[in-house]
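J.: Same order as they appear, the protein sequences are chains B and U.
Taking the working numbering as reference, the numbering of the first sequence is continuous, increasing by one, and the terminal residue is 613.
Taking the working numbering as reference, the numbering of the second sequence is continuous, increasing by one, and the terminal residue is 1275.
Quick caveat, the hints were computed from the structure, so don't treat them as lab data.
Note that the Cβ used here is the ideal one computed from N, Cα and C, for glycine as well.
Careful: at least some of the hints might be erroneous.
[Unchecked claim] Covered stretches of chain B (chain U as the covering partner; in silico rule of three or more C-beta atoms under 8 Å from a C-beta of chain U):
| # | region |
| --- | --- |
| 1 | 132-138 |
| 2 | 227-238 |
| 3 | 295-307 |
| 4 | 517-528 |
Below, each chain spelled out in residue letters.
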Amino acid sequence: MSAPPAEAWRGVAAEQQEDEITGKLGTLLRRRSRRLLTDLLGPYRRLVLVIFLLIVAAQLAALAGPWLVGVGIDQIPQLTRTRNAGPIALIIIAFAASVLVQAAATRSYIAGIGRLGGRVVLELRRRLFAHFQRLPIAFHESYTSGRVISRQVSDIDSISDMFDESLASLVSAVLSLLLVGGGMLLLDWHLALVVMAGFPPLIWLSIWFRRESAIAYRQTRTRIAQVIVQFVETFGGIRAVQSFRRESRNEDIFGELNQANADANLRSQRLLAVYFPGVTLVGNLAIGAVLLYGGLRVIDHQMQVGVLVTFLLYLQRFFEPLIDLSQFYSAFQSATAALEKISGVLDEAPSVPEPELPTSLPDAGGPAARGRQVRFDHVRFGYRDSTVLPDLNLAIPAGQTVALVGATGAGKTTIARLLARMYDPLQGSVLLDGVDVRQLADRALRHEVVLITQENFLFSGSIADNIELGMPGASRSEIVAAAAAIGADAFISALPDGYDAQVGKSGGRLSAGQRQLISFARAFLAAPAVLVLDEATSLLDIPSERLVQDALRTILTGRTAVIIAHRLSTVAIADRVLVLDHGRITEDGSPEQLLSAAGEYSSLHASWQESLA
Amino acid sequence: MPPTTASSPQHARDQLTAPGQAPARAQTPAQALWRLREYMRPYYLMLFLMITAAILAVSSEIAIPLITKSVIDSVVVKGIRAELLPLSLAAMALGAIQAGLNFFRRWSISSAVVGMEKTIRDDLYHHLQRLEPAFHDSWQSGQLLSRAINDLSTIRRFAGFGVVFFITNIWTFLLIVALLIRMNWWLGLITGLVFLPVLVLCLRFEKRYRVLSRLAQDQQGDLATYVEEAAAGIRVLKSLGRRDEAAARHLAQAKLVYRTQVDKARLRGKFWAGLDMVPNAVIGLLLLLGTLAVSRHELSLGGLVAFVTLTLLLVWPIEAMGFIIATGQEAATAAQRIYEIFDTAPEIVNSAAAGDGASHDRPGLTAGRWRSSRKAAVQRASGSAGPPVRARRTAPAASTRGAGWLTFDQVTYRYPGAPSPVLRGVSLELSPGETVALVGATGSGKTTLLQLVPRLADVTSGRITLDGTDVRDLPLPELRRRVACAFEDPTLFSASVRENVAFGVQHATEDAIRAALDAAQADFVADLPWGLDTRIGEQGMALSGGQRQRVALARAILARPQVLLLDDPLSALDVHTEARVTAALADVLTTSTALVVAHRPSTVLLADRVALLADGVVAAVGRHSELLATQPRYRHLMSAADLGNPGDDGRTAPGLRTGASR
Ligand SMILES: Nc1ncnc2c1ncn2[C@@H]1O[C@H](COP(=O)(O)OP(=O)(O)OP(=O)(O)O)[C@@H](O)[C@H]1O
Ligand SMILES: Nc1ncnc2c1ncn2[C@@H]1O[C@H](COP(=O)(O)OP(=O)(O)OP(=O)(O)O)[C@@H](O)[C@H]1O
Ligand SMILES: [Mg+2]
Ligand SMILES: [Mg+2]
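If we strip away everything but chain B, and leave its shape as in the complex, we get:
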């Protein structure tokens, strides 16, 4: 009756899971994220300075208040004696002025920080998104989209929250701490030293808190990401979940992840529960000490009552910010942890890097020759441990259409991916017109080589939007022409909104075959020099497939094409057939040649002929 333990469900994979970090690594992370922050703030140095000055102004104005109160109180005996309200009036005016300055400065610095934060977050979003787009598929495979999302959603949010809510308070708390400390020293250094006696325990407490909470917040970021991963996966596959009654098992798994996340949250909250009251305690003890020692000094006429009052008022401003400080420090810690994770991603160098100095391809020879020559030169490739392609040598002349057939798992898709440079070979090279694809700028390569994958993915938006992805900026008539050429126009026009029909989330409002047709239309519109089609017609009915093939015949003239298909019907339009077996090319020739030889292809073909019955 026992279900498999919930942790085992994840299975084993070669890549390292995101581990919870402690110790030395923490220092490295902090340094890395600090570098990122300075980099982000760089362009706004002026704004930062202005904000800083505004905060100083606001704080100074705020400090003037208690001081003026103290001065005012010391005026009272004189006021009672002389009945001259002049000095008091002056003090009141000064007080009013300080209030106004404080208000104006506060207003501008909050808005300023909001803008600064907005800018920084926007830039961070931009960089992160662009970087994720640049990172290779191999990275995405091990990182998983859930974590990609959590970096860009929940991590960024916590940074944004920090700017929104806490940064202003944090900075002004620090400043007020310094200014009040300075003010106290100026007023009466004896008494100030009594207050300062509270510092060592405070500092000790703060160091402890800082260290512990850094760990705790890092943990919360990791755990929430796991919750997000599970959430996204479940609802991405809701049909399978429901029809296989996976709900309760999913709930166990989710419950566990969610519990782990709650535990991490609890841990960080409990740290706060110790830290805040600790600060309060020190502050309150300091008030008692000031009362005692200050009282003595006043009695002994070493100090005026007003100064004692100012001190008491300052103390409120002194330790209260500390509370604020830690309150907002927690938001700050959370943001720091988020920034660490983000900086980790941004530091991730693409393992399929773009060349520093891209080579450009030679001009294609004349208008008729739109294709490129493709060559695999002693290519060895494998995912992680296993080798999929041991040693591939293949030359495809420009303009040739090659069909790649073979058993499932033979490595056909892998060849296509290497050609489109989703991965780089472990050894050897892939060449386009004699130029290593690693030497080409990404833009140039994508312009030349387009891969239509086995997994056709549509973005939510209209049909036209999705086809346009093949050639951004394509006009409506070009889009319609592309769709018409492959025979998709009929079904699209039949939809109520035609080309503007929304395809829904991941294209869910279209049938599988219709989605495939849309993907195909993209390729048609892109019309690259080298077209790689991986099972691009596998879900179509036979008449639609036939239409697509007619279209292919037209578009492929002069272009180079690699067509992967299990349906040998596709081979009909190929000039040459390659049979792949366990990553090796075992047969190579024109369809007719291979058919007459008694090899794998002729056997495949025979079975296929038979199946067409």
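Assemble chain U with the ligands onto chain B, guided by the hints.
T.: Just chain U with the ligands now, with coordinates in the frame of chain B:
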């Protein structure tokens, strides 16, 4: 469809949601927030203790200035040195008590709010898993995610601090004003009154801030949606080389978020500045009037100091009030957004006829919230205008019970929001153990028909019966145990192969899993680095296309269903593997009733009979050869003419071969 709540912006969800979906009861954010108290219920006692502690803590904090007053009045002014030490010690003791109480409050609330957040998130997940696929189709996934993550942490933050401080702050205000009035009634009254404008300011701020926060939340949700899509579609974006375009679109959306953030900050700045001004103005006023009062001996010097200190103690609670109201506001919109989901009752539920008892696949959940939403759904399901008069449960004949006798009876189906139905009266009967191939052009509705059987969607009219019982009258878990499907896109999860195959069957044995994999010809699993325990990557992306398809097929086989639905199960297989799977499937299919979607003659050969789906109806049923001979449409769909050998047009098919002969 009208948005489920009055304030839900249209763009948060797709336009084409079910028109029949009843709008949930509209509620204001405040009402939604209030409803959340059901999640606080387990913590009521703790909450009470906590608030008591908090009130005691602020009270002792307030007592400290009173001690200051005594120190100044008796010690400093009158010079009674002996009282200094005890008074100072009393101040320290009060301070220590305050700190201790604060510690207790924080420590205990942390587990309450964290527990609450967890429970709501669990419930949300639970509820979302029960909402029909159509719901998920109509919601952008980022919107759901941002509710489950951001909105919940907003609520947690509010519950942790907002609620307690709201109460203690009011208490602080009342207590201090009372103390002030006792010390000097007119000065105290003025002080108290001057703080009132602050409240007005807060309320005005709150109203405007609410609009902005809702906008910000929605924009963030949209941005999250795009982020999610770009992550899921990374392969397409890469292979088409569209990363710059994607980045540009992302940036455009991020800028919208940015603008709202800046607007929010501006509003906040105005508000905070105003807030800061009021208490300071009060102190200025106090200084003026207070010195006057002291010089007229209406107030002692210590009294003035206490006055000012106490007033300063008022500043934070008042300022915080604005903050609390703002987070409260955010929490309220968050609560509203969450209840928007909770209030969407599952459309596909056990009908009354299926009995409620059988439906508990999660016995642990007994809280009233489920009962209420389910009741609503049941009422809707049984009493609404949905399905037209349909025969109540015809008692299943004992002989056919459990045999897998599947019939479609005038089934029509219209997608929510679509102008016309896809299926317009499909009638088809599958006898137990029979395999029927479903053939139809791309987009003819084959997948649609299949998903009606396990009730991933409900028929618009007509009915589907399993062994004589309308599938809507079967308890959902039972129905889905008896029916299994392999979808056209193999939906795999980033878990081990074992977990993906055993998927719904919790206690599958190792042998059963291997047998299922064998039947699906998924022998490649043995070659994976960790065998069955290998993680297959997100959506199975670490497998080849054909491998993915076979894992999904094994999943359906392992379920050992009475009715097996296979949606184009061999599309990604090479001819040889296809032949082997076909042969193995033939064995499996003898025990199950199967409906197999097929595009190729080879798949059709699996079947005893073929049904041709065209124009939303089953246009013809018969054996492959019969249909080829009599149905031109079928011939068109299945004919190999022009495919295969180039230049071999019009070649006639060499006659029917049975699956067994291969
Ligand atoms: N991302 C990946 N990570 C690890 N292994 C992979 C990955 N993609 C493919 N493989 C493995 O590499 C081998 C070749 O896969 P490939 O996708 O190239 O096969 P294929 O010939 O395209 O098969 P099919 O016809 O089923 O699509 C398979 O054994 C597969 O399990
Ligand atoms: N969620 C949806 N909302 C609106 N229309 C939809 C939705 N899903 C599918 N359709 C439409 O319903 C029709 C039937 O789709 P279905 O997926 O059932 O086709 P199919 O027969 O399985 O096709 P294929 O062979 O391509 O898989 C299609 O025209 C499609 O556009
Ligand atoms: Mg493949
Ligand atoms: Mg389909």
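J.: Any of the earlier hints contradicted here, and which numbers?
T.: Hints that this structure does not satisfy do not exist here, as all of them hold.
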